[in-house]
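J.: Position 160 of the sequence shown, counted from 1, bears residue number 144 in my numbering, the numbering being contiguous throughout.
Source of the hints: derived by calculation from the structure; they are not laboratory data. Treat each hint with caution, since some may be false.
Derived lysine-lysine pairs resembling DSS-like cross-links, with alpha carbons at most 27 Å apart [to be verified]: (1) 36 <-> -6; (2) 160 <-> 86; (3) 96 <-> 147; (4) -6 <-> 96; (5) 161 <-> 89; (6) 136 <-> 169; (7) 89 <-> 160.
Listed next, with one range per pair, are the computed distances between beta-carbon atoms [what the hints assert, rightly or not]: (8) 140 <-> 57: 18 to 28 Å; (9) 132 <-> 158: 26 to 36 Å; (10) 179 <-> 74: 45 to 55 Å; (11) 100 <-> 165: 16 to 26 Å; (12) 132 <-> 176: 21 to 31 Å; (13) 35 <-> 55: 32 to 42 Å; (14) 181 <-> 140: 16 to 26 Å; (15) -5 <-> 177: 40 to 50 Å.
Where is the CB? At the ideal position from N, CA and C, for every residue including glycine.
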Amino acid sequence: MISLNIGKLKSFITSKLEKELPEYISYHDVQHTIDVLNTCNAYIRRMKIAEKDAFLLRTAALLHDTGFLWGFENHEEKGMAYTRKILPDWGYSNRDIDIVCKLIKATAIPQKPQNTLEEILCDADLDYLGTDKFYKIGEKLYREFMHFQIVKNREDWDRLQVKFLQSHSYFTAFAKKHREPVKQKYINEIILKHGWNSL
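Model the full assembly from the supplied sequences, consistent with the hints where possible.
T.: Here it is as structure tokens:
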């Protein structure tokens, strides 16, 4: 199974997302899936993850947000159901499918990873919070949240952002060192912009 070309699965999943995701899914889109996969690849190299584990991690990265094809609510569960439906045809064993599904489940907010692979996927999923892409990518999530009426306006969004950022934690040593300080800077910027003392 390890010899399976992950590129073929990537082409299959990204093509499906491109064709079938509604336009209002502006954050959880194909680019997000590709970004998460690329970030996982960087962790795989950095942490010297074993080949089999790396293969399953890449698989989960590709599938982790496929549930949005069937709606916003419980999208992790929907993605796991889709994973169980298609992966047998790609030669995955039941055990490996279970691991992939657990990886997907770990990305649900609040994130609660139970092992190294889950920590990597969780940190890859929210990597942008501690990068210079914070505002650009955040804008895509703002539009998505506006569509679903999760927020009503910019101030509402900024309050939600700060609360989420303050409650969020990175898990890998790399993200704690290189992403967390940048994330804290953004928290301070948003609070300062509004003159908030606290939330």
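J.: Among all the numbered hints in the text so far, which are the ones the structure does not match?
T.: none
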